[in-house]
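Protein chains: 2
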Amino acid sequence: VEGAVQAARTYGVTIVLVGDESRIKSELAKYPDAATLPIEIVHTSQYITMEDKPATVGKQKPESSIHIGLDLVEKGDCQGFVSCGNTGAILAVTTLYKVKRISGIYRPALGSIVPFAGKAIILIDVGANVDSKPEWLVQFAMMGEIYAKHALKIDRPRVALLSNGEEESKGYSLIHETAPLLKEMKFHFVGNVEPKEMVKASADVFVCDGFVGNMVAKSLEAMGSIMFETLKTQIVEGGIISRLGGLILRSTFREVYKAFNPFEIGGVPLLGVNGVVVIGHGRSNALAVKNAIRQAREAVQVGVVEAIKRGLEERQMASPSESY
Amino acid sequence: VEGAVQAARTYGVTIVLVGDESRIKSELAKYPDAATLPIEIVHTSQYITMEDKPATVGKQKPESSIHIGLDLVEKGDCQGFVSCGNTGAILAVTTLYKVKRISGIYRPALGSIVPFAGKAIILIDVGANVDSKPEWLVQFAMMGEIYAKHALKIDRPRVALLSNGEEESKGYSLIHETAPLLKEMKFHFVGNVEPKEMVKASADVFVCDGFVGNMVAKSLEAMGSIMFETLKTQIVEGGIISRLGGLILRSTFREVYKAFNPFEIGGVPLLGVNGVVVIGHGRSNALAVKNAIRQAREAVQVGVVEAIKRGLEERQMASPSESY
Numbered sequence: 005v006e007g008a009v010q011a012a013r014t015y016g017v018t019i020v021l022v023g024d025e026s027r028i029k030s031e032l033a034k035y036p037d038a039a040t041l042p043i044e045i046v047h048t049s050q051y052i053t054m055e056d057k058p059a060t061v062g063k064q065k066p067e068s069s070i071h072i073g074l075d076l077v078e079k080g081d082c083q084g085f086v087s088c089g090n091t092g093a094i095l096a097v098t099t100l101y102k103v104k105r106i107s108g109i110y111r112p113a114l115g116s117i118v119p120f121a122g123k124a125i126i127l128i129d130v131g132a133n134v135d136s137k138p139e140w141l142v143q144f145a146m147m148g149e150i151y152a153k154h155a156l157k158i159d160r161p162r163v164a165l166l167s168n169g170e171e172e173s174k175g176y177s178l179i180h181e182t183a184p185l186l187k188e189m190k191f192h193f194v195g196n197v198e199p200k201e202m203v204k205a206s207a208d209v210f211v212c213d214g215f216v217g218n219m220v221a222k223s224l225e226a227m228g229s230i231m232f233e234t235l236k237t238q239i240v241e242g243g244i245i246s247r248l249g250g251l252i253l254r255s256t257f258r259e260v261y262k263a264f265n266p267f268e269i270g271g272v273p274l275l276g277v278n279g280v281v282v283i284g285h286g287r288s289n290a291l292a293v294k295n296a297i298r299q300a301r302e303a304v305q306v307g308v309v310e311a312i313k314r315g316l317e318e319r320q321m322a323s324p325s326e327s328y
Numbered sequence: 005v006e007g008a009v010q011a012a013r014t015y016g017v018t019i020v021l022v023g024d025e026s027r028i029k030s031e032l033a034k035y036p037d038a039a040t041l042p043i044e045i046v047h048t049s050q051y052i053t054m055e056d057k058p059a060t061v062g063k064q065k066p067e068s069s070i071h072i073g074l075d076l077v078e079k080g081d082c083q084g085f086v087s088c089g090n091t092g093a094i095l096a097v098t099t100l101y102k103v104k105r106i107s108g109i110y111r112p113a114l115g116s117i118v119p120f121a122g123k124a125i126i127l128i129d130v131g132a133n134v135d136s137k138p139e140w141l142v143q144f145a146m147m148g149e150i151y152a153k154h155a156l157k158i159d160r161p162r163v164a165l166l167s168n169g170e171e172e173s174k175g176y177s178l179i180h181e182t183a184p185l186l187k188e189m190k191f192h193f194v195g196n197v198e199p200k201e202m203v204k205a206s207a208d209v210f211v212c213d214g215f216v217g218n219m220v221a222k223s224l225e226a227m228g229s230i231m232f233e234t235l236k237t238q239i240v241e242g243g244i245i246s247r248l249g250g251l252i253l254r255s256t257f258r259e260v261y262k263a264f265n266p267f268e269i270g271g272v273p274l275l276g277v278n279g280v281v282v283i284g285h286g287r288s289n290a291l292a293v294k295n296a297i298r299q300a301r302e303a304v305q306v307g308v309v310e311a312i313k314r315g316l317e318e319r320q321m322a323s324p325s326e327s328y
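Order-wise, the sequence lines are chains A and B.
Just so we're aligned, residue 5 is where the first sequence starts under the working numbering, counting upward by one.
Just so we're aligned, residue 5 is where the second sequence starts under the working numbering, counting upward by one.
Chain A on its own, in the form it takes in the complex (with noise of 0.2 Å):
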């Protein structure tokens, strides 16, 4: 709520908040200025837990917040949806229940603003997908590719493949396979690269698979948080001397965990369905909320939606069935 009510004084976007009203009534209380924000609030009966399974669920729950804030999207009500929620459940309702998938797209997939101080590239899957086949990561690249135009504001994005080396041998047979059709498409494609290319930026976006690109994007986190815990930790325990020389450099340690901070993003975009969504962490603060408000915003600015579409006709990538 705290999120929303900033994105609604900053952006000037109409936010409805779907949920307990009670609840959503009572946080919004604490926001003197709530009143006068374009903020209203849809009542839901349901809602989807963390362990709830994400199969059963769109079944199950047909009255959850998921279910209708997508629902108003998929009426034209609102022309985005962001959520915190379960990513697995909000895959499954938005795929086979609302919004649904674009005409021709094989699989909708995750793409991640990624930052790196002062850099950001785009990771595509990160967790839509696994066991991916080389035709859906080629659309991964086409959707990144649009993605990164919007978004990161690149003319012609790099589109690199992420594997582990840069020799055509390295990788899997996925990698073996898609390669190939990546090179054949118009794409700015730069070829097979490292993990260490992405921190440089040395491609705009990288494509892989959604198993892949989640265990790259959690190891990522993981080293981030253990190594400013540990230095952290470090500091506290050296004494006074060290203390000192943590202060002095507080603001330094701030704005370089910043510059890693994919908060400051905001979420990740399912790219390749017929609306905006945005999914955030299920651990987003307030910033991460009004930021994943921000881009979801964007993205119907630039018309994220029609430009997929459109990306699929002209490389004529579409999927030959309707089949999922």
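Read the hints as simulated data drawn from the structure, not as lab findings.
Beta carbons are placed, not taken as given, at the ideal position from N, Cα and C, and that holds for glycine.
Any given hint could be a false lead.
To be verified - Short derived list, chain B residues pointing at chain A, Cβ under 8 Å:
id, residue
1, Val134
2, Lys200
3, Leu224
4, Leu253
5, His285
Said to hold, decoys possible - Computed cross-link-like contacts, BS3-like style, restricted to lysine-lysine with a CA-CA straight-line distance of at most 30 Å:
id, chain 1, residue 1, chain 2, residue 2
6, B, Lys236, A, Lys157
7, A, Lys137, B, Lys174
8, A, Lys137, B, Lys57
9, A, Lys200, B, Lys123
10, B, Lys187, B, Lys153
11, A, Lys236, B, Lys236
12, A, Lys174, B, Lys104
13, A, Lys123, B, Lys200
14, B, Lys57, A, Lys204
15, A, Lys174, A, Lys190
16, B, Lys153, A, Lys123
17, B, Lys200, A, Lys262
18, B, Lys204, A, Lys200
19, A, Lys57, B, Lys137
20, A, Lys236, B, Lys157
21, A, Lys204, B, Lys204
22, B, Lys57, A, Lys187
What the hints assert, rightly or not - Ranges of calculated distance between the beta carbons of each label pair, as one might list FRET restraints:
id, chain 1, residue 1, chain 2, residue 2, range
23, B, Lys79, A, Val240, 53 to 63 Å
24, A, Pro138, B, Pro138, 17 to 27 Å
25, A, Lys123, B, Ile245, 19 to 29 Å
26, B, Tyr261, A, Arg254, 18 to 28 Å
27, B, Met54, A, Leu248, 41 to 51 Å
28, B, Lys29, A, Asp135, 45 to 55 Å
29, A, Glu171, B, Leu156, 27 to 37 Å
Given the coordinates of chain A, work out where chain B should sit on it, guided by the hints.
Okay, now just chain B, sitting in the frame of chain A:
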């Protein structure tokens, strides 16, 4: 050569340096005590470059230092082999030409000790295999368990399956097929875990496919580097007070860097072959080489190869055929 000299001084092991005799001799000449150390030289006329293709190099360069070094192990003239050369070539020559895999092992695997600020875990496989099969991963778990016992000094190592979530529904087909097999075996199996559990050392052995493990290891390494670099740049560019803070915390930074530095460990053993083979990073410094030699010595002393053979028998998990 410097690392070998240090190891010969410290560990009382005989070092056989395999390579270009005249170049090795001129390097050794830098160390006044080298002549008194147990260091021998075996001259080789060929060497495998980082650009050589692993698939063909086994046949093309039979006099390479990798072939000759491994031959010394196969013949029993040396007890272990350490190389910081072309990993793919070492894998290929070891598996197909010299030393070879232990009978009943589907695939040798690289079991890396990953240090996280005073904690350490084993990640297996970090790159020997791609497109792994469930029964390979079960053997990786067994070999990782044995390696954890001797290298981490843990009586009953906790084994985890590296995944993108704890839930059984998370992961991909390989995870779904491997988890039940690991549960059946008498491992101290703690379930499917995310990368963040590695940095917490919630388990001792983290099992995964070699592509996934390589991506995770490389992501951790890349994040560590960029964070240290960014901190350093910000401190230096932050003006005189900031630089003073950096000066005060210099030893803290050094300690934290060391606490994550894989070179403190040495190299990565190739487990599942008929001899002790330790592969070092291509960028290894003298410290890393010295530590890789220490690792090889320890692996010989505790009899890792024999322990793996016993593990195969005791757990009845030998591959049914000898076909590769």
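With the threshold set at 30 Å, check whether the alpha-carbon distance from lysine 200/A to lysine 123/B stays at or below it. Roughly 24 Å separates the two Cα atoms, so the pair holds.
Between lysine 57/B and lysine 187/A, does the CA-CA distance stay at or below 30 Å? Since the Cα atoms of lysine 57/B and lysine 187/A sit roughly 22 Å apart, the hinted pair holds (cutoff 30 Å).
Does lysine 204/B pair with lysine 200/A here, judged by a C-alpha cut-off of 30 Å? 23 Å, holds
Grab the minimum C-beta distance from leucine 253/B to chain A and call the hint holds if it beats 8 Å, violated otherwise. 4 Å, holds
Whether the CB-CB distance between proline 138/A and proline 138/B falls inside 17 to 27 Å: Cβ of proline 138/A to Cβ of proline 138/B: about 23 Å, so the range 17 to 27 Å holds.
For the range 53 to 63 Å, tell me whether the beta carbons of lysine 79/B and valine 240/A fit it or not. 55 Å, holds
Regarding the pair lysine 200/B and lysine 262/A, is the alpha-carbon distance no greater than 30 Å? 20 Å, holds
For a C-alpha distance cap of 30 Å, please report whether lysine 236/B and lysine 157/A respect it. 29 Å, holds
Below or equal to 30 Å on CA atoms is what counts here, so check lysine 174/A against lysine 104/B. 22 Å, holds
CA of lysine 123/A to CA of lysine 200/B, is that 30 Å or under? At roughly 24 Å apart (the allowed maximum being 30 Å), lysine 200/B and lysine 123/A satisfy the hint.
Hinted pair, alpha-carbon criterion (30 Å max): lysine 236/A, lysine 236/B. Please report holds or violated. 16 Å, holds
Once the shortest beta carbon distance from leucine 224/B to chain A is found, is it less than 8 Å? Check passed: Cβ of leucine 224/B comes within 5 Å of chain A, closer than 8 Å.
Checked against the numbered hints above, the structure breaks hints 5 and 16 and satisfies the rest.
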